[in-house]
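Colleague: In case you want the letters, here they are:
2 protein chains.
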Amino acid sequence: MENFVITIARQYGSGGRTVGKMLAEKLGVSFYDKQIIQMASDESGIDVKLFGQVEEGSSVKASLFNKTGLYKGDLIAPDQKGFVSDENIFNYQAKIATDLAEKESCVIVGRCVNYVFKDRPNTLRVFIHAPWEFRVEKSREKISGSDEEIEKFLRRDDKRKQDYYRKFAGGDWSDATNYDLCLNAGKLGFEKCVDAILAQMNVMGIK
Amino acid sequence: MENFVITIARQYGSGGRTVGKMLAEKLGVSFYDKQIIQMASDESGIDVKLFGQVEEGSSVKASLFNKTGLYKGDLIAPDQKGFVSDENIFNYQAKIATDLAEKESCVIVGRCVNYVFKDRPNTLRVFIHAPWEFRVEKSREKISGSDEEIEKFLRRDDKRKQDYYRKFAGGDWSDATNYDLCLNAGKLGFEKCVDAILAQMNVMGIK
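Chains X and B, in that order, are what the protein sequence lines are. One gets the working numbering by counting positions in the first sequence from 1 and adding 981 to each. One gets the working numbering by counting positions in the second sequence from 1 and adding 981 to each.
You may find that some hints are simply not true.
Intra- or inter-copy, both count: the list cannot distinguish identical chains.
Pairs of lysine-lysine residues, derived as DSS-like cross-links and limited to a Cα-Cα distance of at most 25 Å, are as follows [to be verified]:
#1 K1099 to K1168
#2 K1173 to K1030
#3 K1173 to K1076
#4 K1123 to K1188
#5 K1053 to K1168
#6 K1099 to K1002
#7 K1188 to K1173
#8 K1133 to K1076
#9 K1084 to K1062
#10 K1142 to K1084
Read the hints as simulated data drawn from the structure, not as lab findings.
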């Protein structure tokens, strides 16, 4: 059987990243998050700053309604037009995720991997969310500033993820139909989110 | 502890209703779906046809962007203005669901009960979806017509549910953040959806 992959998309402040780490530890597999960007930069030779820019959405908005950006998986060679395009930068990240999954079972957070792996067997695609107040509270641990500033940050981050998802994967980032399992971490707590994912892996026969 | 309630929202053709029935049978509790409409009609004295019209969205669209329709739970008396309004018809359905939950543990399908019960303890709110092809295939068992006609029906039903949800509950009907658990019935199959819900009840301590 193929290596298993748990993909986790999460709202900022929901604790989804923490859940992913706890899950990986419990399963004894690797956990991948932002380091995929560095790996994709290293492999492609494209400056890591450009990855950051795509992520930050500076150029996502410009072509938001341009459906040609939807991920198809084909890489553009360094000597071809579009090598440093948003699309190719996304494609390189997707390639790194795909290569990792070929080598080992793992937990991967973010980067629209739920879309990249939508037809992959032995894959469980999770979305983790939490109530607004919970997210604000949790964000205080990481962001300094007034509640108003934190709330502004959260709204901006939701919008950024939504734009990013719409551009590369189509549809809505928080739409349940893009996932196999969606959990409310605010209601469940992190430990039980891990339990819920393990239970779902068991139900789906993922191992 | 309060009676437990499992609310199920589902895409037409996802098999969510079947899953709800199987779940109720396995748990040995009542299953409520459309009969809530008749019960609300009986209790209020409002013609059952008016309930159907609200559901069909004939008048939902007109005030789609009117936020005053969001469910708050207050009933309007027969001698007051708005007694047969869409809002009051929704409120009566919500009241029936609330009364049922006071009397017994149960599974309730549809009617935005996930929103009505959003703060209710001992409640698990499930959204069941399935891939488009699966839904078309499943719908053939219930609807006669060409694939094109079935697809048209499905698009219309999704739109209807989306409009209905937006009007009475706000936000998007298929948005994961409105639920505690979202499952892909096409990938899992119905039996495993039931298993997944039972597993989640266990994780959440719902009983």
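Colleague: Decide, hint by hint, whether the structure agrees.
Modeller: Structure-based check of all given hints:
no.	hint	in the structure
1	K1099 to K1168	between (27 Å within a copy, 11 Å between copies)
2	K1173 to K1030	neither (37 Å within a copy, 44 Å between copies)
3	K1173 to K1076	neither (32 Å within a copy, 32 Å between copies)
4	K1123 to K1188	neither (34 Å within a copy, 36 Å between copies)
5	K1053 to K1168	between (36 Å within a copy, 22 Å between copies)
6	K1099 to K1002	within (22 Å within a copy, 29 Å between copies)
7	K1188 to K1173	both (19 Å within a copy, 16 Å between copies)
8	K1133 to K1076	neither (33 Å within a copy, 36 Å between copies)
9	K1084 to K1062	neither (31 Å within a copy, 67 Å between copies)
10	K1142 to K1084	neither (28 Å within a copy, 43 Å between copies)
The structure does not agree with the numbered hints 2, 3, 4, 8, 9, 10 stated previously, though it agrees with the rest.
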